[in-house]
Amino acid sequence: MSLKLSQKKLAGLTIIELLISTAIAVMILSALITTYIAVKSKYSEYKDKTTTEAKELLVKNILYNFVKDVGFACKFGYSQQTYYDRTSDSLDSIFYSPAMIRVGRLPLATSSHFPQSLEDGCSGDCYQTGTDYIMIKKEESHSSLTQINSPSTTLHLRSVDGLAADDYLFLCNKNSINLVKASNVNSGSSIVSLSQSPQGGDYYPGDYVGKYSLEILYVRDTGEQDSQGQDIYSLYVYIKDSSANGMSYELVRGVGNLQVEYATVSNNVVTWNNVTTDIDINSTSHPALKISYSIAGQTFSKIISI
Numbered sequence: 001m002s003l004k005l006s007q008k009k010l011a012g013l014t015i016i017e018l019l020i021s022t023a024i025a026v027m028i029l030s031a032l033i034t035t036y037i038a039v040k041s042k043y044s045e046y047k048d049k050t051t052t053e054a055k056e057l058l059v060k061n062i063l064y065n066f067v068k069d070v071g072f073a074c075k076f077g078y079s080q081q082t083y084y085d086r087t088s089d090s091l092d093s094i095f096y097s098p099a100m101i102r103v104g105r106l107p108l109a110t111s112s113h114f115p116q117s118l119e120d121g122c123s124g125d126c127y128q129t130g131t132d133y134i135m136i137k138k139e140e141s142h143s144s145l146t147q148i149n150s151p152s153t154t155l156h157l158r159s160v161d162g163l164a165a166d167d168y169l170f171l172c173n174k175n176s177i178n179l180v181k182a183s184n185v186n187s188g189s190s191i192v193s194l195s196q197s198p199q200g201g202d203y204y205p206g207d208y209v210g211k212y213s214l215e216i217l218y219v220r221d222t223g224e225q226d227s228q229g230q231d232i233y234s235l236y237v238y239i240k241d242s243s244a245n246g247m248s249y250e251l252v253r254g255v256g257n258l259q260v261e262y263a264t265v266s267n268n269v270v271t272w273n274n275v276t277t278d279i280d281i282n283s284t285s286h287p288a289l290k291i292s293y294s295i296a297g298q299t300f301s302k303i304i305s306i
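Mapping of the sequence shown onto UniProt numbering: residues 1 to 306, in sequence order.
Hint data in this document are derived by calculation from the structure and do not stem from the laboratory. Any given hint could be a false lead.
[Claimed, not checked] Straight-line distance between alpha carbons at most 30 Å, and here's what the computed DSSO-like set of lysine-lysine pairs gives:
| id | residue 1 | residue 2 |
| --- | --- | --- |
| 1 | K240 | K55 |
| 2 | K138 | K174 |
| 3 | K302 | K240 |
| 4 | K55 | K68 |
| 5 | K174 | K290 |
| 6 | K302 | K138 |
| 7 | K290 | K240 |
| 8 | K138 | K75 |
| 9 | K68 | K290 |
| 10 | K68 | K174 |
| 11 | K302 | K55 |
| 12 | K60 | K174 |
| 13 | K174 | K55 |
| 14 | K174 | K302 |
| 15 | K290 | K60 |
[As the list claims (entries may be wrong)] Simulated restraints, written as ranges between beta carbons of each label pair:
| id | residue 1 | residue 2 | range |
| --- | --- | --- | --- |
| 16 | I191 | V269 | 51 to 59 Å |
| 17 | A244 | N274 | 29 to 37 Å |
| 18 | S183 | G121 | 46 to 54 Å |
| 19 | E119 | S97 | 43 to 51 Å |
If you're wondering where the values come from, they're calculated on a predicted model, not measured in any experiment. For each residue, glycine too, the CB sits at the ideal point set by N, CA and C.
Use the sequences and the hints to build the structure in full.
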């Protein structure tokens, strides 16, 4: 009997022991795989949540800085003067109006000064249908006159750092603001030559000269699709600060459905109004903006005082 049993042994292990060991190993491996899948799923969920939260905070920061960083440091302000376009580029009136913030519904009217991606009839990588835009005007830097301009096409500046030919400049005194274009910049003499002379009287030493920029924040198709075949949208900014074609830059990928509401106050009651047409925003009539957007199917909003 013992002889028969010994013939069924395999190198120190019986068949039964081997089967039991194999079953245990399979159970352990299965448990490890299940644990790995669960951990990976949790990690992916956490990673996606973290990515969404990071994008949310980034977009809110961009929105705040975009709306707050507007206007020009003219010592006489910039709301009461008469505005002139002296760039020789026949710009749209929004480029030289007193409004520093404008919001509206896309698309924009067709213009040679805005990109096709923002305009009606766009084809290709276009604005997201049913969304709004925020347009601002601001200075990139500023200097001042050192000699009187009576007026002429020559500006003597305290500094020409950062200026180049074809840049747009804001020239400001107490009565007039001229949007002008530099045709030449002499860094040695700090003299800027203009394409046209300004209007509205004389400009004196100390009067403001600022490097001008018009910027538009909007949502646009990136031209790419996700794994489900859905179009990917991103937050973009369009910048035009010279006679050259403006440029659009992608800021945050995966952002969509940009919507803007503006506040009005009556009898101490705040009402939030949807944007139905282009509207110029000022702190007196519209003390705040509420800007909403979506990331990964979630909607977020930011209220910014003007």
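Evaluation of the provided hints:
1. Proximity of K240 to K55 is assessed by CA-CA distance (about 26 Å); at most 30 Å being required, the pair is judged to hold.
2. For the hint pairing K138 with K174, the CA-to-CA distance comes to about 18 Å; that is within 30 Å, so the pair holds.
3. Restraint check for K302 and K240: satisfied, since their Cα atoms lie roughly 26 Å apart, inside the 30 Å limit.
4. A hinted pair counts as satisfied when its Cα atoms are at most 30 Å apart, and K55 with K68 qualifies at roughly 20 Å.
5. At most 30 Å may separate the alpha-carbon atoms for a hinted pair to count; K174 and K290 exceed this at roughly 33 Å.
6. This hinted pair checks out: K302 and K138 have alpha carbons roughly 21 Å apart, not beyond 30 Å.
7. A threshold of 30 Å between alpha carbons decides the hint, and for K290 with K240 the separation of about 25 Å falls inside it, so the pair holds.
8. A hinted pair counts as satisfied when its Cα atoms are at most 30 Å apart, and K138 with K75 qualifies at roughly 15 Å.
9. At most 30 Å may separate the alpha-carbon atoms for a hinted pair to count; K68 and K290 meet this at roughly 13 Å.
10. Of the pairs offered as hints, the one joining K68 and K174 holds, with about 24 Å between alpha carbons and a cut-off of 30 Å not exceeded.
11. Between K302 and K55 the CA atoms are separated by roughly 13 Å; this keeps the pair inside 30 Å, and the hint holds.
12. Of the supplied pair hints, the one linking K60 and K174 is violated, its CA atoms being roughly 36 Å apart against a limit of 30 Å.
13. Using a Cα cut-off of 30 Å, the hinted pair K174 and K55 is violated, with the two alpha carbons roughly 43 Å apart.
14. Taken as a hint, the K174 and K302 pair is broken in the structure, with Cα atoms around 35 Å apart against an allowance of 30 Å.
15. Taking the CA atoms of K290 and K60, the gap is near 11 Å; set against the 30 Å cutoff, the hint holds.
16. Checked against the hint of 51 to 59 Å, the pair I191 and V269 passes, with Cβ atoms roughly 55 Å apart.
17. Restraint check, A244 to N274: a C-beta distance of roughly 35 Å satisfies the suggested window 29 to 37 Å.
18. In this structure the supplied range 46 to 54 Å is violated for S183 paired with G121, their Cβ-Cβ distance being about 34 Å.
19. Taking the beta carbon of each, E119 and S97 are about 19 Å apart, not inside 43 to 51 Å as hinted.
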